[in-house]
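*Asks:* Those protein sequences? They're chains A and B, same order as listed. Just so you know, we're using full-length UniProt numbering here: the first sequence kicks off at 1 and counts up by one. Just so you know, we're using full-length UniProt numbering here: the second sequence kicks off at 1 and counts up by one.
Quick caveat, the hints were computed from the structure, so don't treat them as lab data. Careful: at least some of the hints might be erroneous.
To be verified - Calculated cross-link-like contacts (lysine-lysine; reagent style DSSO-like; alpha-carbon spacing at most 27 Å):
1) A/Lys76 to A/Lys47
2) B/Lys7 to B/Lys21
3) A/Lys35 to A/Lys19
4) A/Lys76 to A/Lys230
5) A/Lys186 to B/Lys44
6) A/Lys193 to B/Lys7
7) A/Lys130 to B/Lys7
8) B/Lys21 to A/Lys193
9) B/Lys104 to B/Lys152
10) B/Lys104 to A/Lys359
11) A/Lys35 to A/Lys47
12) A/Lys193 to A/Lys32
13) B/Lys44 to B/Lys100
14) A/Lys19 to A/Lys3
15) A/Lys186 to A/Lys130
16) B/Lys104 to A/Lys3
17) B/Lys44 to B/Lys9
18) B/Lys9 to A/Lys138
19) A/Lys193 to A/Lys250
20) A/Lys3 to A/Lys205
21) A/Lys205 to B/Lys152
22) B/Lys152 to A/Lys234
23) A/Lys76 to B/Lys21
24) B/Lys29 to A/Lys186
25) A/Lys186 to B/Lys21
26) B/Lys7 to A/Lys138
27) A/Lys205 to B/Lys21
28) A/Lys205 to A/Lys47
29) B/Lys44 to A/Lys19
30) A/Lys186 to B/Lys7
31) B/Lys29 to A/Lys138
32) B/Lys104 to A/Lys130
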Amino acid sequence: MEKPLTQHIVPGRAPLSLKEYEQVGGYQSVRKILKEMAPADVQNLVKASDLRGRGGAGFNTGLKWSFVPMGPEAAKPKYLVANADEMEPGTFKDRVLLEGNPHQLIEGMIIAAYAIDASISYIFMRWAYKVAAREIIKALEEAYEAGYLGENILGSGFSLDMHLHTGVGRYMCGEETALLNALEGKRANPRAKPPFPQVSGLFGKPTIVNNVETLCCLPHIINNGAEWFKGLSKTGDAGTKLYGISGRVKTPGCWELPMGTTIRELIEEHGGGMQDGYLFKGLLPGGASTDFLVEEHLDLPMDYTAIQAAGSRMGTGTMIILDDHTCPVGFVHNLQHFFAQESCGFCTPCREGLPWVEKILLAIDRGEGKPEHLLTLDFHTKYLGPGNTFCALAPGAMEPLQSALKYFREDFERHIHEHHCPWSKAKVWQPSI
Amino acid sequence: MLTTEEKHKIDHEISLVPSPKNACIEALKIVQNSHGWVSDESLKDVADYVGMSPAELDSVATFYNLIFRRPVGRHVVLVCDSISCWVMGYEGIRDRLYEKLNIKYGQTTEDGRFTLLPNCCLGTCDRAPALMIDNDLYRDLTVEQLDEILEKYT
Numbered sequence: 001m002e003k004p005l006t007q008h009i010v011p012g013r014a015p016l017s018l019k020e021y022e023q024v025g026g027y028q029s030v031r032k033i034l035k036e037m038a039p040a041d042v043q044n045l046v047k048a049s050d051l052r053g054r055g056g057a058g059f060n061t062g063l064k065w066s067f068v069p070m071g072p073e074a075a076k077p078k079y080l081v082a083n084a085d086e087m088e089p090g091t092f093k094d095r096v097l098l099e100g101n102p103h104q105l106i107e108g109m110i111i112a113a114y115a116i117d118a119s120i121s122y123i124f125m126r127w128a129y130k131v132a133a134r135e136i137i138k139a140l141e142e143a144y145e146a147g148y149l150g151e152n153i154l155g156s157g158f159s160l161d162m163h164l165h166t167g168v169g170r171y172m173c174g175e176e177t178a179l180l181n182a183l184e185g186k187r188a189n190p191r192a193k194p195p196f197p198q199v200s201g202l203f204g205k206p207t208i209v210n211n212v213e214t215l216c217c218l219p220h221i222i223n224n225g226a227e228w229f230k231g232l233s234k235t236g237d238a239g240t241k242l243y244g245i246s247g248r249v250k251t252p253g254c255w256e257l258p259m260g261t262t263i264r265e266l267i268e269e270h271g272g273g274m275q276d277g278y279l280f281k282g283l284l285p286g287g288a289s290t291d292f293l294v295e296e297h298l299d300l301p302m303d304y305t306a307i308q309a310a311g312s313r314m315g316t317g318t319m320i321i322l323d324d325h326t327c328p329v330g331f332v333h334n335l336q337h338f339f340a341q342e343s344c345g346f347c348t349p350c351r352e353g354l355p356w357v358e359k360i361l362l363a364i365d366r367g368e369g370k371p372e373h374l375l376t377l378d379f380h381t382k383y384l385g386p387g388n389t390f391c392a393l394a395p396g397a398m399e400p401l402q403s404a405l406k407y408f409r410e411d412f413e414r415h416i417h418e419h420h421c422p423w424s425k426a427k428v429w430q431p432s433i
Numbered sequence: 001m002l003t004t005e006e007k008h009k010i011d012h013e014i015s016l017v018p019s020p021k022n023a024c025i026e027a028l029k030i031v032q033n034s035h036g037w038v039s040d041e042s043l044k045d046v047a048d049y050v051g052m053s054p055a056e057l058d059s060v061a062t063f064y065n066l067i068f069r070r071p072v073g074r075h076v077v078l079v080c081d082s083i084s085c086w087v088m089g090y091e092g093i094r095d096r097l098y099e100k101l102n103i104k105y106g107q108t109t110e111d112g113r114f115t116l117l118p119n120c121c122l123g124t125c126d127r128a129p130a131l132m133i134d135n136d137l138y139r140d141l142t143v144e145q146l147d148e149i150l151e152k153y154t
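Model the full structure from these sequences, guided by the hints.
*Replies:* Structure representation (structure tokens):
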């Protein structure tokens, strides 16, 4: 089984130096595109590979690039940004790539920048990834020294600068337009679209924001072709995928597997099955802002298409398991506390609605819930849903809530009728502040 | 007053962006690095330096979780309180820290050694529960490990 993105990552061992990386074929794709391919060729190849954004939205990467104005008339400088903010609760896959093989990301970014004719690029990384920051800084120095970055790369006439920017903590920074505001030294509020960042992004110039895992796929697509990339998958969605599991399984972790690996295989073979004494009750397939899936969905392939058809989203592909010892109301309450806290406060439904939802969930969790509370929660899942807020934060927050109300409604009702949490008292989640 | 060294570092950040204002978050980080936090006085100094009003800069500073607008201790303990750490029982860790340090979230020990804060997901969910002290990450935590971990920080 091919694992292109993680083949050179050995847990506990330092990432490959530039020399070592070159010895295993690193930066060959950069040599290839600079010598043989025009930016349009790179765009077309990536479009044909069906690579879809690994940050969660799943948009075709080559298609996203194609909205960037090209040619001598296009506004300059253009920017490429790697989204390494990874603040979606339950998500830890980009950390693996950043810490494990920083040169692969840099190589992918050079390809993406070349494809859109960008001359300045940033890696926007969350503050918590200290090891990754150290490795990236080291790799950037090596890449500059070897002439893969800077002026006139390998004598091709193409120039690219690359900088690491570490954030100061806010979930909103993962949303691409909010990320651009953060990079500009502003509050990370999302921007109105249109104009889309491809046309007017960072400092008002054409900008592409791609996820780390997406960018790391690029060298392999350039080297091996679109058909090879599609062939890595078990289903219609191309490539491999970094999947992860956290929660009460025997061996939580992150694995690169063919796209479309079933949820059951992920949990039972790679996650080692549930811990002794714990039963599976449900899962969020791809981070805190995805809808719950339950027992009946275990044989679904984890890809964009199948998970969407089941009423959820693959999101980041890193799943969080809900076990039978954990209160579903407490679980959702923890999520809503996070979303309420991280709302940027810019639009009223999100700023006011999420704390309301959080308070109701706290009341239910404490046994102070009333039957009408469930109707208020139902109401919020609708009015904080898509189209009613400025960005996707609140609609994302409503995904686990609406599906919890669907699959675990009885558990909510038991809290209300029995006036206490049926799970142990220690499991009533108390917000910290 | 910004020191010469701070000004030098801020100047470098300003050189990388179109307008000095664009470097304001980096400037706040530089000041916080030398003082541990950003006081009203520092905030005003930075605002003047990058050409913003103090109110505008404070709206940026207070937006971000890791810019401290109140004094913190010599070491900042950030306890992950997000979903995977909750499922794996981080609350025992938190309660032991409350007890051991005799403070709650948002407070600093009397000797100025530790400030305790909750933090959203640290991105290490497969090895929950987790916390960070300054730049160091601790994972697969048990309550029993806490004494030894805290002893490393004086």
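*Asks:* Indicate, hint by hint, whether the structure satisfies it.
*Replies:* Hint check:
Annotation: proposed proximity of A/Lys76 to A/Lys47 holds, straight-line Cα distance about 24 Å (limit 27 Å). At most 27 Å may separate the alpha-carbon atoms for a hinted pair to count; B/Lys7 and B/Lys21 meet this at roughly 14 Å. Of the supplied pair hints, the one linking A/Lys35 and A/Lys19 holds, its CA atoms being roughly 21 Å apart against a limit of 27 Å. Proposed proximity of A/Lys76 and A/Lys230 is contradicted: the alpha carbons are some 34 Å apart, above 27 Å.
Distance restraint check for A/Lys186 and B/Lys44: the Cα-Cα separation of roughly 17 Å lies within the 27 Å cut-off, and the hinted pair is therefore satisfied. For the hint linking A/Lys193 to B/Lys7, the alpha-carbon distance of about 37 Å lies beyond 27 Å, and the restraint is violated. Taken as a hint, the A/Lys130 and B/Lys7 pair is honoured in the structure, with Cα atoms around 25 Å apart against an allowance of 27 Å. Simply put, B/Lys21 and A/Lys193 have alpha-carbon atoms about 24 Å apart, close enough for the 27 Å limit, and the pair holds.
Distance restraint check for B/Lys104 and B/Lys152: the Cα-Cα separation of roughly 21 Å lies within the 27 Å cut-off, and the hinted pair is therefore satisfied. For the hint pairing B/Lys104 with A/Lys359, the CA-to-CA distance comes to about 21 Å; that is within 27 Å, so the pair holds. Using a Cα cut-off of 27 Å, the hinted pair A/Lys35 and A/Lys47 holds, with the two alpha carbons roughly 20 Å apart. With a CA separation close to 35 Å, the supplied pair A/Lys193 and A/Lys32 exceeds the 27 Å bound.
Between B/Lys44 and B/Lys100 the alpha-carbon distance is near 37 Å, which puts this suggested pair outside the 27 Å criterion. Simply put, A/Lys19 and A/Lys3 have alpha-carbon atoms about 21 Å apart, close enough for the 27 Å limit, and the pair holds. A threshold of 27 Å between alpha carbons decides the hint, and for A/Lys186 with A/Lys130 the separation of about 23 Å falls inside it, so the pair holds. Our distance criterion of 27 Å between C-alpha atoms is broken by B/Lys104 and A/Lys3, whose separation comes to about 45 Å.
Restraint check for B/Lys44 and B/Lys9: the C-alpha separation of about 17 Å stays at or below 27 Å, so the hint holds. Pair hint B/Lys9 plus A/Lys138 holds up; C-alpha atoms about 20 Å apart against a cutoff of 27 Å. Restraint check for A/Lys193 and A/Lys250: the C-alpha separation of about 44 Å exceeds 27 Å, so the hint is violated. Between A/Lys3 and A/Lys205 the CA atoms are separated by roughly 36 Å; this puts the pair beyond 27 Å, and the hint is violated.
Taken as a hint, the A/Lys205 and B/Lys152 pair is broken in the structure, with Cα atoms around 47 Å apart against an allowance of 27 Å. At roughly 49 Å between alpha-carbon atoms, B/Lys152 and A/Lys234 are farther apart than 27 Å, so this suggested pair is violated. Among the hinted pairs, A/Lys76 with B/Lys21 is consistent with the structure: their alpha-carbon atoms are about 21 Å apart, no more than 27 Å. Restraint check: the Cα-Cα separation between B/Lys29 and A/Lys186 comes to about 14 Å, which is no more than 27 Å; the hinted pair holds.
For a cut-off of 27 Å, the pair hint linking A/Lys186 to B/Lys21 stands: about 9 Å separates their Cα positions. Under the criterion of a C-alpha separation no larger than 27 Å, the hint pairing B/Lys7 with A/Lys138 is consistent with the structure, at around 25 Å. For a cut-off of 27 Å, the pair hint linking A/Lys205 to B/Lys21 stands: about 17 Å separates their Cα positions. For the proposed pair A/Lys205 and A/Lys47, the alpha carbon gap of about 23 Å is at most 27 Å, so the pair holds.
For the proposed pair B/Lys44 and A/Lys19, the alpha carbon gap of about 47 Å is over 27 Å, so the pair is violated. The suggested pairing of A/Lys186 with B/Lys7 holds, with an alpha-carbon distance near 20 Å, which does not exceed 27 Å. Between B/Lys29 and A/Lys138, the direct Cα distance comes to roughly 21 Å. Compliance with the 27 Å bound is thereby established for this hinted pair. Our distance criterion of 27 Å between C-alpha atoms is met by B/Lys104 and A/Lys130, whose separation comes to about 26 Å.
Hints 4, 6, 12, 13, 16, 19, 20, 21, 22, 29, counting from the list given before, are not met by this structure.
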